[in-house]
Every structure is written in C-alpha cells, then in structure tokens.
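Now that you have both chains on their own, put them together as the hints suggest.
Going line by line, the protein sequences match chains A and B.
Anchor point for the first sequence: position 399 equals 399 in my numbering, and the numbering is continuous, going up by one each time.
Anchor point for the second sequence: position 3 equals 3 in my numbering, and the numbering is continuous, going up by one each time.
Quick caveat, the hints were computed from the structure, so don't treat them as lab data.
There may be inaccurate statements among the hints.
Here are the simulated distance ranges between beta carbons [claimed, not checked]: (1) A:N226 to B:D28: 17 to 25 Å; (2) B:F34 to A:S280: 20 to 28 Å; (3) B:R63 to A:S141: 49 to 57 Å; (4) B:G39 to A:S141: 50 to 58 Å; (5) A:A273 to B:E29: 37 to 45 Å; (6) A:D22 to B:F34: 42 to 50 Å; (7) A:P10 to B:G39: 52 to 60 Å; (8) B:E29 to A:E135: 36 to 44 Å.
Partial selection, computed: residues in chain A whose CB lies under 10 Å from chain B [what the hints assert, rightly or not]: (9) R65; (10) V69; (11) R107; (12) R117; (13) H348; (14) F351; (15) P355; (16) A361.
Where a beta carbon is used, it is the ideal one built from N, C-alpha and C, also for glycine.
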Amino acid sequence: MTEENGMTRPEHVPADLVVDFDVLGDLGIPQAHAEASRWRREKGPVVWTDRNGGYWIVVGAEEIRRGLVDVSLFDSASRGVKMVTIEPREALVPLELDGEEHTTYRRILNPFFAPRRMRLLEDDVRKVARQLLAELAPTGSCEVVADFARPLASSMFLSMVDWPLEDRVKLENWVKRQVNGVAGESEEANRRIQAEALEAVTEYCRGQITSRRERPREDMTSTLMNATVDGAPIPDERLVGLLIVLAAGGLDTTASVTSQAVELFALHPDMQAYVREDGSRIPAVVEEMLRVGAPVGPLRAALRDTELGGVEIKAGDRVHFLGQAGSRDPAEFPDPDRVDLQREPNRHMAFGLGPHRCIGAALARVVLAVAFDEFHAVIPPYRLVGSESRLGAVWGMSSVVVEWDVDEVVLP
Amino acid sequence: MEVSIDATRCQGHALCLSADPAVFDFDDEEGKAFVARAGVPDGSADAVRKAAANCPESAIAVRPEGGRP
Ligand code: HEM
Ligand code: SF4
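Just chain B, with the same shape it has in the complex (with noise of 0.2 Å):
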C-alpha cells in the first residue's frame, strides 16, 4: 500500500500525524503535512486509511503498491 499527501489541498489538521506518526510527518513553518515513508509497513495500513477517512480536507490518497491513485 502507497500513501501520498496532495499539498495543494492540504490544510494542516494534523490528524494524520496523531493517527500514524511512522507515515505522516508535519512541516512546522508551511503548517502542512507530508509523508515520511510512501510504502506503507503492513502494521499501519489500517491507521493509514483512517487517516485518509478522516482528513478534513480529502488531501491523502491510499492505493495499492505500485496502483495508481
């Protein structure tokens, strides 16, 4: 599984890094979030998708491996 965050549309929430900071990582100055690791290690999948659910502003995108978006 393969994550990626859309910083056009990202607003900074910060739920995603409460959700998994192992993937998610936050910039301080630009307030946004961004992903640490794109491959997704099978134990946070299911934060993972959480997180995506959860994202205010519909900025992370889950697919498979290698899919497209």
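Okay, chain A solo, but in the shape it has when bound (with noise of 0.2 Å):
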C-alpha cells in the first residue's frame, strides 16, 4: 500500500491507470462524460482513482457486462460499495445481499414489479403529470427537477408503497443526502452526512411499519411485512433495508433521467418537435434518453483475482461498473455521443445487468414514457434558462429551469 494524502492505493495498481475521479466532488456530467471517453482512449477500459477510498472505474462495455453477469467474480454484499467508506451496517435489500438470499428476496418482490402490472399504472402516472402540468404551464416557466420530475417518480412510488404523500418532500430530501452526500464537502463530512440521512430514513421506514402492526393495510407496506423467508417471517433489519432501497431507486434515479431529457429537449428545438409529434415514437426515445442519462452505474467488490480488460484486479478491490460510459462506448455504441432518438440497436446499460437488474425498470419506462408524453402535450415550445448537474451516487440535475410562451399554452 502507498499512502499519499490519507489516500491509499494498493500495489498492484499500475501509476499509469491512475486518474483523478472524485464522484462527490464538484464535477457536472458533460465533464464526466469528456474525462471517462478520454480514459476510455488514453488509457484502456479500466482505471483506477485514488478518491473516497480508492476503487477500478470500469468504463468499457464489454467489461461492464462481463463484470456485472459473472457473479463469480465480483460480489454485492461486501461492495466496498459505498462512495464513502462508513462503519459497517445492516445490507439494502436486495442490492447488497448475493446468491441464494438474493434470490429469495427478489422472488418475493418481482410480482410488485411484474411488466404488465406496471402498464396498468400509466393512467395513475398520466392523471398525477396532468395535474402537475395544469398548475405549471399558465406561469410561463418551470425548475423542473422540483416541480416536475421529482413530484411525479415520486407520487408513482409513494402511492405503490401507500406512504403519506405529505411525506415526500422530506423523504426526497433524505434520500438525496443518503445516496450522494453533499457535493464539495469533504469526506469527512459526507460520512456524516449520509449517516445521519440514512439513520433519518431508517427511522421513517420503522414508524410505517410499526402503524401497519397497529393497524394492517392492503399495501404494498404490508404485504412485505406478511412475506416470508423460510417459513419464517422477514426479519425487521431486512424489512428496513428492502424499504430503504425502494426509496431510493423510487425518488432519485427517474427524475434525474427525465430532468436531463428535458434539458437536452430545451437546447434542441428539432428534438421537441419529434417527440411532439408521434407519441409512437416515445419508446425509442425513452431507451435512447436512459442511455445518454444513464445515472447509476453498480458497485462491487472482487471475490477473487481476476483480470478485466487487461488489467490485474485482486479479491477485495472494490470496483465501480461505470455503466454511465459503458452506454457511450464507441465499440458498442457508433457515434456514442450523438443523441439518436432512433437508435437501433440499443442495449443500453442504465438499469445494470445480471442479477441485480434494476427490478423498476419496467416502472420507470412507464414513468418516463408518460413524463415526455405529458410534458410535450401541454407545455409549448420552450428554452433553457440556466442548468446544473451534479454526480454522486445517482448523476443528477441540480436544477433547470426552462421557459415558455405562456400564450402559446392550450389547456386540455
């Protein structure tokens, strides 16, 4: 091990695959995007950085897949997963546990998730961005992170869950400190940050079970609480951990994907126009939108030495599947950062891959399908106004703020 800076990097790390990646540091997403195709070019699919406890950055496709499906070499429960290192706490489920347990918890949660199951809630979806849409479109402008994007992945999971929609704003707050820190405070200080905020959500997820064991409801709260594993109920450190999950995948990830699809709507008139125009056309673009605003890219440890890429990985290191720029990937991707609302084939990697395949995919294709859908049919033309983003544990929109003809508006 060398030691520089209270950083340390482990032997067997060539210098020259080094690089420096802080992901809770104050970098945007266009230049993260610019410094992984750059590594991609000058130093191969795999680096390695130095920051929040040192970990392999894979950024090549092929790479990514094999990673990620080959269970045998790279392990979720003992994920040095997190951005952070932090004391040792009870797993998210089912993200950190592996094999058989994993297995068992996903069982018991696909039929919530089941794709067709999901469709039937698009007409919940369309009623909540209507509502939303009619009380934003007279006033000209929107920041649509807040006013759109969160409240409408958010309502979609709330009511799945049957939490208090009242609760959502303090819920999104939570979790957006859980997930990805603060941008620009130190380590040190993120630690404690996500500590506290998990310790809040924690606490939040106990009291909804704890009214359902006073009071049982028919929700998705508590027939969780009615599973079992073994004949045995499921334990309340698990229960907490799978609800914890859920509401995190449920109030970030698909407003940060249907935030970045506007902003990139509002620099591109011709873009507006073709999703305005066909609502068939909307599929095609929501897979196209999931690969260039991709925001989650998995995290795991390695169960055994192994070789990715080329390079030399030894059990232990902890790994970050980057599936960001695995989705931009001139070998698989031609042209890959052109935004081609036809693309074909697509196989995009922002809702992971293997065994821990994103279970809300088909949620979020809904959610997203909707959210573009809505958004062209009742707010005309409109331009940037300002943007920001930000990186972190889920890629995100800070703000954007977009602008509108309010004569132009026609209310259905």
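Right, here's the structure in full:
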C-alpha cells in the first residue's frame, strides 16, 4: 500500500492507470462523460481513482457486461460499495445480498414490479402528470426537477407503498443526502451527512412498519411485512433495508433521467418537435434518454484475483462499473455522444445487468414515457434558462429551469 | 424461424415482451421471460429479430425453422 494525503493505493495498481476522479466532487455530468471518454481512449477500459477510499472504474461496455453478469467474479454484499467508506451496517435489500438470499428476496418483490402490472399504472401516472402540468403551464416557466420530475416519480412510488404524500419532500431530501452526500463537502463531512440521513430514513421506514403492525392494511408495505422467508416472517432489519432501497430507487433515479431529457430537449427544438409530433416514437426516445442520461453505475467488490480488460484486479478490490460511460462506449454504440432518438439496437446499461438488474425498470419506463408524452402535450415549445448537474451515487440535475410563451398554452 | 430464451441468462428486462407479446411471455414470480410459441409467425419475424438484437443479456437466440441455434 502507498499512502499519500490520507489516500491509499494497493501495490498492484499501475501508476499509469490512475485518474483523479472524485464522484462527490464538483464535476458536472458533461465533464464526467468527457473524462470517461478520455480515459477509455488514453488508458483503456479500466482505470483507478484514489478518491473515496480508492477503487477501480470500469468504462468499457464489454468489461462491464462481463463483470456484472459473472457473479463468481464480483459480489454485492461486501461491495465496499459506498462512495465513501462507512461503518458496517445492515445490508440494503436486495442490493447488497448475493446468491440464494438475493434470489429469495427478488422472488418476493418480482410480482409487485411485474412489467404488465406496471403498465396498468400508466393512467395513474398520467393523472399525476396532468395535475402538475396544469398548474405549471400558465406560469410560463418552471424548475423541472422540483416542479415536475421529482413529484411525478415520487408520487408513483409513494402510492405503490402507500406512504403519505405529505412526506414526499422530507423523504426526497433525506434520500438525496443518503445516496449522494453533499457535493463539495469533505469526505469526512459526507460520511456524517450520509450516516445521519440514512438514520432518518431508517427511522421513517420503521415508523411505517410499526403503524401497520398496529393497523394492518392492504398495501405493498403490509404485503411485504407478511411475506415469509424459509417459513418465517422477513426479519425486521431486512424489511427496513428493503424499504430504504425502494425509496432510494423510486425517488431519485427516474427524476434524474426526466430532468436530463427536458434539459436536452430545451436545447434542441428539433428534438422537442420530434417528440411532440408522434406518441409512437416515445418508447425509442425513452431508451435513448436512458442511454445518454444513465444515472447509476453498480458497485461491487472482487471475490477473487481476476483480470478485466487486461488489468489485474485482486480479491477485495472495490469496483465501480460505470454504466453511464459503458452506454457511450464507441465499440458498441456508433457515434456514442450523438443523441439518436431512433437508435437501434440500443443495449444501454442504465438499469444494470445480471441478477441485480433494476427491478423497477418497467415502472421507470412507464413513468418516463408518460413524462415525455404529457410534458410536450401541455407545455408549448420551451427554452433553457439555466441548468446545473452533479455526480454522486445517482448522477442528476440540481436544477433545470425552462420557460415558454404563456399565450401559446392550450390546456386540454 | 424459431426463437428461444436462455433462462440462465434472462434477467427479466422485459424488452422482448414489449417487442412482441404474441411470441414472448413473462413469468411474474420468477421475473423472467419465456417463449410463448417457439415457431415465429411470419408477421413477427422482424419484431423477434429486433428483440434478440436489443436483449441486454443476449438471452434470445433466433434460428431458421429446424435449424441449429
Ligand atoms: C430511470 C430509473 C432507474 C434507473 C436508471 C435505475 C438503475 C438501477 C441500477 C443500475 C440498478 C443495479 C444496481 C446494482 O447492480 O448494484 C438498480 C437496482 C435496483 N433498483 Fe433501480 N433504477 C431506476 C428506477 C427504479 C425504481 C423506480 C425502483 C423502485 C421503486 C427501483 C428499484 C431498484 C431496486 C430495488 C434495485 C436493487 C435490485 C437488486 O439488487 O436485485 N429502481 N437500479
Ligand atoms: S429482453 Fe432478454 S433479458 Fe429481458 S426479459 Fe427478454 S429475454 Fe429476458
């Protein structure tokens, strides 16, 4: 090990593969993509950063596929996962489980997220979207993240688990701090910020469980409480870990892709017009927005010594499979930084791959499709006023402000 | 044309189900797709080829009638 400024680097990391990448620093999304392309070009598909405890970053599509699909190479449980190293804590479910136990929890969850069942939610999502947009349209401008993308994604999640809609903003803020820390704060400060936010979310989830113990209901939370693993009820700590992951998955990710898409469309009137013209184009648009706006890259730890993209990785090394960058690998995606709303095929990695593949993918696809459809049905041609992005465990927009001409608004 | 899904690879992204629900079906408990009819009707050939090309896990195999995968 070499130690420098409190940073640790194992001996087997070649110096020429080291890059300076701080996922909790003040880099924006476009800069991060530019960096990742440069690493791929100049150093290859696998590089190392000393920041946040030190880990490998995989930016090659082929290497990401291999690493996520072959579970004999990398695990999720010990994943030094956290962007910053934190004290040992209960596993997030099913995110930080492997093998049999992981499969057991996926089986419990699968029916709730079944693709056909998610499509039935479309009308509900549409209703929420229309309500939000009917209020925004006459004002002539909005901040897409707070005014549209977040409330839409969160309302769907909250109604699924049947938690109070009034708690939305409170929950969103905790989850944001828990998942991403606060950009620009020191590693030390972020460790505390994330731990405190996790504690708050944990308490909140415990509260939801307790209130249902007293008065059982018919919702997803109650159904999960009554589910069994090997004949016994799901242990409390597993149940809490599960609700936390659902909240994190349901609140932050979909909103990120929605806001990134509106920002892009605001800068490209031709794309806006394309989406506006014909609803049947939207599924392919959703896939391309997932590709260029992929917000999450899975984290793992190596189970044994192995080789990835010609680089020697040792058991215990932490690895960030940067699907965001893999989905822009020119080896698989021709002209990868160009947004092609009809891209075909489009095997992007936004939802991850292998057994931990995002269980909320079908729900997210419904929410994104409705978001793009309704936004353009209600809001007339719009322009970008300003925007700001940030990294973190879920890359996203801090804000996207757009404006339009009020006299062009025609409410249905 | 015939189509099959390798269940050990399929992770239930369900893109195939969207591509052609007449050919692909979905097991809601297992969270995996399966083939509802191995012989692909002529009208579905393009959709099935597209599903195979887009499957994120490369789980879908397409071959000519009676041919090898
Ligand atoms: C555009 C929106 C979304 C994106 C891009 C996304 C992305 C991802 C990715 C990349 C993973 C894999 C993590 C890993 O391999 O370690 C994942 C897992 C997961 N996601 Fe999502 N997600 C989204 C929406 C959702 C929604 C709406 C929910 C649920 C309400 C959700 C719930 C989950 C859960 C529970 C897992 C853990 C699955 C497991 O470990 O087996 N996600 N997501
Ligand atoms: S697209 Fe591929 S991985 Fe997804 S359900 Fe169909 S066969 Fe399975």
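Quick rundown of the hints versus the structure:
| no. | hint | result |
| --- | --- | --- |
| 1 | A:N226 to B:D28: 17 to 25 Å | holds, 18 Å |
| 2 | B:F34 to A:S280: 20 to 28 Å | holds, 27 Å |
| 3 | B:R63 to A:S141: 49 to 57 Å | holds, 55 Å |
| 4 | B:G39 to A:S141: 50 to 58 Å | holds, 55 Å |
| 5 | A:A273 to B:E29: 37 to 45 Å | holds, 43 Å |
| 6 | A:D22 to B:F34: 42 to 50 Å | holds, 45 Å |
| 7 | A:P10 to B:G39: 52 to 60 Å | holds, 54 Å |
| 8 | B:E29 to A:E135: 36 to 44 Å | holds, 40 Å |
| 9 | R65 | holds, 8 Å |
| 10 | V69 | holds, 7 Å |
| 11 | R107 | holds, 6 Å |
| 12 | R117 | holds, 7 Å |
| 13 | H348 | holds, 8 Å |
| 14 | F351 | holds, 7 Å |
| 15 | P355 | holds, 6 Å |
| 16 | A361 | holds, 6 Å |
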